[in-house]
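Here the protein sequences come in this chain order: A and B. The opening position of the first sequence corresponds to residue 677 in the working numbering, with each subsequent residue numbered one higher. The opening position of the second sequence corresponds to residue 153 in the working numbering, with each subsequent residue numbered one higher.
Hint data in this document are derived by calculation from the structure and do not stem from the laboratory. Computed from a prediction, not measured in an experiment: that's the story for all the values here. Even glycine gets a Cβ: it sits at the ideal position worked out from N, Cα and C. Please note: incorrect hints may appear among the correct ones.
30 Å max Cα-Cα, derived BS3-like pairs, lysine-lysine [to be verified]:
| id | chain 1 | residue 1 | chain 2 | residue 2 |
| --- | --- | --- | --- | --- |
| 1 | B | Lys207 | A | Lys778 |
| 2 | A | Lys713 | B | Lys252 |
| 3 | A | Lys778 | A | Lys731 |
| 4 | A | Lys743 | B | Lys250 |
Computed from the model, here is a short list of chain A residues facing chain B with C-beta under 8 Å [said to hold, decoys possible]:
| id | residue |
| --- | --- |
| 5 | Ala717 |
| 6 | Leu774 |
| 7 | Lys778 |
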Amino acid sequence: QQPVQSPQAVILREGEDAVINCSSSKALYSVHWYRQKHGEAPVFLMILLKGGEQKGHDKISASFNEKKQQSSLYLTASQLSYSGTYFCGTEMNSGYALNFGKGTSLLVTP
Amino acid sequence: GAVVSQHPSRVICKSGTSVKIECRSLDFQATTMFWYRQFPKQSLMLMATSNEGSKATYEQGVEKDKFLINHASLTLSTLTVTSAHPEDSSFYICSATKLKNTEAFFGQGTRLTVV
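Please construct the entire structure, taking both the sequences and the accompanying hints into account.
Set out below in structure tokens:
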């Protein structure tokens, strides 16, 4: 039930864009996106609930295609602070625990 | 905003001893909390679902007698690693959701090192 994330790792220069994908083999109720810095707890980015839903704040946005059981996280005009490991967490039903993907390591360089 | 507090943040213990980790929801009541384990450079793996007033639900492969979970109140869940061994060394982290369909709040995590 673990979702599959791609790519595994990305290196960007400041100002470049990136897309991180998350796919599931099972039907999903919701998709959560988190960013984790080394040795710290994951930090919430956004949650997507409905098929086709898109959300965003600042220069980070995400989409959720319920039919394809996929979600994508879009990072535009990346900043150094965006560096970290991004995890998608999928929920099969409301109130269930999140199953996390293996993570995508993102490094933004000057 | 809602906050989940985890204690201790770091612990070093001798092999064979037990360690208790606390997870508290500070400004909301959590009937359900989740415990995860994360090995270096790996994902968060769900260990168990802690239910207030009832037995925890463990994921496949997680020994319930080794990882004791107690959810005695609506704001506190504890994870006790019994007879710890070096292979139990990991980052343990709890989470709780304030309302359905909202973000999961994570504790700060506990770095356990068994020597």
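How the hints compare with the structure:
no.: 1; hint: B:Lys207 with A:Lys778; result: 29 Å, holds
no.: 2; hint: A:Lys713 with B:Lys252; result: 26 Å, holds
no.: 3; hint: A:Lys778 with A:Lys731; result: 23 Å, holds
no.: 4; hint: A:Lys743 with B:Lys250; result: 28 Å, holds
no.: 5; hint: Ala717; result: 4 Å, holds
no.: 6; hint: Leu774; result: 6 Å, holds
no.: 7; hint: Lys778; result: 5 Å, holds
The structure agrees with every numbered hint stated previously.
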